[in-house]
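*Asks:* Listed here are the chains, written in short residue letters.
Number of protein chains: 2
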Amino acid sequence: MVNANSSDSGTASCSSAENSKESSRCSTPVLDIERHECLKEKMRRRVEAGDRWFSLEFFPPRTASGAVNLISRFDRMGSGGPLFIDVTWHPAGDPGSDKETSSMIIASTAVNFCGLETLLHMTCCNQTKEDITKHLQKAKRLGLKNIMALRGDPTGEEWEEEAEGFNYAVDLVKHIRHEFEDYFDICVAGYPRGHPDAESYDQDLKHLKEKIDAGADFIITQLFFRSETFLTFLKDCRAIGITCPVLPGIFPIQGYGSLRQLVKLSKLEVPQEIMDVIEPIKDNDAAIRNYGIDLAVSMCRELLDSGLVHGLHFYTLNREVATIDVLKRLGMWKEDPRRPMPWAMSAHPKRRVEDVRPIFWASRPKSYIHRTQEWDEFPNGRWGNSSSPAFGELKDYYLFYLKSKSPREELLKMWGQELNSEESVFEVFTYYISGEPNPNGHKVNCLPWNDDPLAPETNLLKNELQKVNKRGILTINSQPNVNGKPSTDPIVGWGPSRGYVFQKAYLEFFTSSEMVSALIKVLKRYEPRVNYHIVNVHGQNITNAADLQPNAVTWGIFPGREIIQPTVVDPVSFVYWKDEAFALWIEQWAKLYEEESPSRMIIQYIHDNYYLVNLVDNDFPLENCLWQVIEDTFKEHDRPTDQ
Amino acid sequence: MVNANSSDSGTASCSSAENSKESSRCSTPVLDIERHECLKEKMRRRVEAGDRWFSLEFFPPRTASGAVNLISRFDRMGSGGPLFIDVTWHPAGDPGSDKETSSMIIASTAVNFCGLETLLHMTCCNQTKEDITKHLQKAKRLGLKNIMALRGDPTGEEWEEEAEGFNYAVDLVKHIRHEFEDYFDICVAGYPRGHPDAESYDQDLKHLKEKIDAGADFIITQLFFRSETFLTFLKDCRAIGITCPVLPGIFPIQGYGSLRQLVKLSKLEVPQEIMDVIEPIKDNDAAIRNYGIDLAVSMCRELLDSGLVHGLHFYTLNREVATIDVLKRLGMWKEDPRRPMPWAMSAHPKRRVEDVRPIFWASRPKSYIHRTQEWDEFPNGRWGNSSSPAFGELKDYYLFYLKSKSPREELLKMWGQELNSEESVFEVFTYYISGEPNPNGHKVNCLPWNDDPLAPETNLLKNELQKVNKRGILTINSQPNVNGKPSTDPIVGWGPSRGYVFQKAYLEFFTSSEMVSALIKVLKRYEPRVNYHIVNVHGQNITNAADLQPNAVTWGIFPGREIIQPTVVDPVSFVYWKDEAFALWIEQWAKLYEEESPSRMIIQYIHDNYYLVNLVDNDFPLENCLWQVIEDTFKEHDRPTDQ
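Residue numbers (UniProt numbering), protein chains in the order written: chain A, 1 to 643; chain B, 1 to 643.
Just so you know, these hints were derived from the structure itself, not from any lab. No incorrect hints appear here.
Same chains, same names: a pair is fine if it fits in one copy or spans any two.
Heads up, simulated DSBU-like pairs for lysine-lysine below, C-alpha to C-alpha not over 35 Å straight-line:
| no. | residue 1 | residue 2 |
| --- | --- | --- |
| 1 | Lys591 | Lys443 |
| 2 | Lys138 | Lys578 |
| 3 | Lys524 | Lys334 |
| 4 | Lys40 | Lys524 |
| 5 | Lys462 | Lys485 |
| 6 | Lys485 | Lys524 |
| 7 | Lys350 | Lys134 |
So that you can see chain A by itself, here it is in the shape it has in the complex (with noise of 0.2 Å):
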């Protein structure tokens, strides 16, 4: 029997099925294929396609505010398009806890919320076996796939072995094959000069090899200050035997303190002639970086015109600009990553097949990965027309919430110290769209519904969309209309290359019980080109749609593939998505004010009076008719009433 919809086993193994087979074929499009691959897949693919490949490194926070900051560092530099992140396992830190601060938790949100390909540090001394077994299994749980197994520090001055538990990184890599067979890709670290701890340069590559013969995949080396020293390095590597990838791990310097404090822990000693540049320059922290900079990046260009490295693993010290500018000169940090999906992915291995989603939640693509955690299978293909979809709650949705409610202040600058009427919310939505400053010099970059200023792809409407919010139709989501763009369009297109991409328009408000009066009797003369769907707070819901028959609203032809409709206009989900829209107006808005005050009265009379209505155009190929509709609104709207 054709298992006609599953077009994944759905299991997270890593020999993907168009890997099984050696056949004579045309490139198969890249983005597609390493969404089903595992990390050490990804990188061999690389290697013979001569693709170079850089990952970052980070560490964990140690606030809240923190997390939330180090989540938005994720979104900026995954936009250029890391191979992978990983980050590291810090004992202190409490690291395999829920705390939204520990490790685990931090890269389990790069995998899932961010989309990222996450690499978890773990160290195994002074822990139990059943400790790390405990780890490993909660992080598989929460979809990491790749473990850099480290041995970690000794607690005292002088290190001892334990009979019966880890002493060495070898022991966890064992301990992982063992307990977790193929499952995890491994990484292990390399020592360029040797560990310090190790007898000798060639002890210590001996018990790299170890490592590897135990089950590691790749190996990311300790930093260095010479390109000489890691060529060395890969060279006696690969003269014993090692062949898997070398990772060379590349530390831009960017401060004289944070450059001592690596080298004291590391062992490390910087070579003279740097030390004679930067001791004159120590307390001017930009000309560091920027010799940091140029000195990482005169390094890595030796590196990769050896021919012999693929990839380069940045120490970011959890910052952003050396590296990224690093990057830049390399020519290695894309500007315009190709979009797999017109939505933000998640990296989660069970959501490896999902490839349709309502479109409510695209400016919180965060909010629908967390209300959909839970679910086991992810639509493929289709929606499909079920009419319970089982949306978890928002209540644990901490870490992003966080981010636009905690500057307070920030949100009263941009939404109004104080409310006077319904008209000074249509002016904030105003002032989003425009991204003008409002009369106190302040731009609206955010609105509860939308985390980010307006996409690009929403300003193509961004002239019509102003008009209708001055008017009182408060939109929060919209699309154009698009009829066969090239995938590679930088503004609409998304998916493989040398593929078309299509959408219906869509345009999503609230607006008042008198605007919707007119707004039915208008939409009447556009049935059944336009559909609609109206509800209050109450779940009063006016539709012309089917009730459980998605509407497919962007979609994508590629060669060789089967139709992929990866946003859909659901009847059902919009029910649950409504419930969110609505709440976003007193959680994030309403409760800026004091209670009672008119600013938060106005805010709760829009919450409980206003509809929210989404609006489709069916006919792709002409002109957007939603604008006309919008337009014959506000005349109904202004018509006398006759009597």
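Chain A is already provided as a structure; the job is to place chain B on it using the hints.
*Replies:* Showing chain B alone in chain A's frame:
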């Protein structure tokens, strides 16, 4: 959890989700809804919408070739858009057996292979409860959903009640409801003049009411000769509380003999004014038929004009002309029925969700249905990438094989009494494409891979196809590219109205190994625009497509719907199709000639040495490049070899 892929529960239960809630909505495409409705729901919807319908009654044939002819008739009469057909239960004909002429097999063929909603008659007298249950179970297994519950005629002269058995149709209705609950829709017979065995007209009406109360869903009446007869009966039915649909049985008089026979069987009296017209012309079949048609048309008009009749049921006597003529004159025959899918659907309940098929069987849809009839699930939304679709063997495919196999002499006239070379085969293909008679004056109406003359869609490519067949590119399947034509397009349209349909250009052909060598060189220049699969009978397989990745080549975008992509080029299915396609050379063509004859050896040579090729041009918005590929291949083939 969203049940992402099974858009339908797959149960055969009648209550479709679309109907379970009442809300304001626009008309969802009827074609689509009807696919998921049971017969009584279809009627209800048509009554509510004020749409008229007709249905057609057939009796089982006596011979296997009669069965083949009847099935062709189902296809032709099915194209006029009957709401359903019914097949009578002929006690003499072993009606529940597996014989190709049995009522059961004929009805199930109509459902499964002709895609017709079918009502199977079943009589109950002189049968045990167990036998009847077995019949019903078998009917269910074969995909039948509707039973016409009848008493049947007594065996002896006198009617004897059996204490334990079924004496009346009402017993059968009760039995069906008791044993099968709501699975079957049940029809019962009504007698506008009362059943001849009934004590009185009123008594007979009461019996009818009992059958309805026992669970019957609608009524078909015995034939009658005056519209008042039916309208009075209908009024009387309504008066005693029968509210279900009552379909008048229309009998267009087609000849003197058949009229007399029917009158005798049904114990009806033909009105004198009709006999007065018929008697004088009783030896003039054409005159009687014309009169019968006139009479039926005016009676039907009166019924429809009453506003009380929505559907007409025709006693066809297994003939086409009179019934079609009546329907055409009433404007009820659909000259150009909308295609819900680009391929011929099956009406088996388990295939309701089926909406994707490989393109290969486009000209042999019955073979495809036959080879997939054991599947428990059918692809819905996506074909997916199973590596082992279990296609059944063709061995039991007798009914349709018969059709093209039987007239050997006919086939020889079309395909050549004698073949002299491969070129004579090229000519056969070319005449098939051109539609011109061959030098012996015979049109080539079919080929082993194409049961019917060229489809209108393929006709769009006629000139190109003729040219390439002449040169030995022996095409067996093709479609032009289509970039967003209305779904109502008379040639390439399908699916609900107000949609847009798309296609990638497709070409499938046999050709020599020399031509394939040239083709492969040429195809390098068309990477990755063109996807290809090239196989020979031994299974050698050359392709540039991903092993398990189907390529959607037909898709449609509809208002308020997810994307539908009904045909794909699936690499795995192609291997199964290849076996069928090569076998047809031998089974249907070579075997027309004597063993060892030159003609047979030519076909055998082609079978053994040619390749089967399919090509897809992925760039559907551009001009189809496949003709250029073939053109280039001819040039490459003709190029003097450089040595």
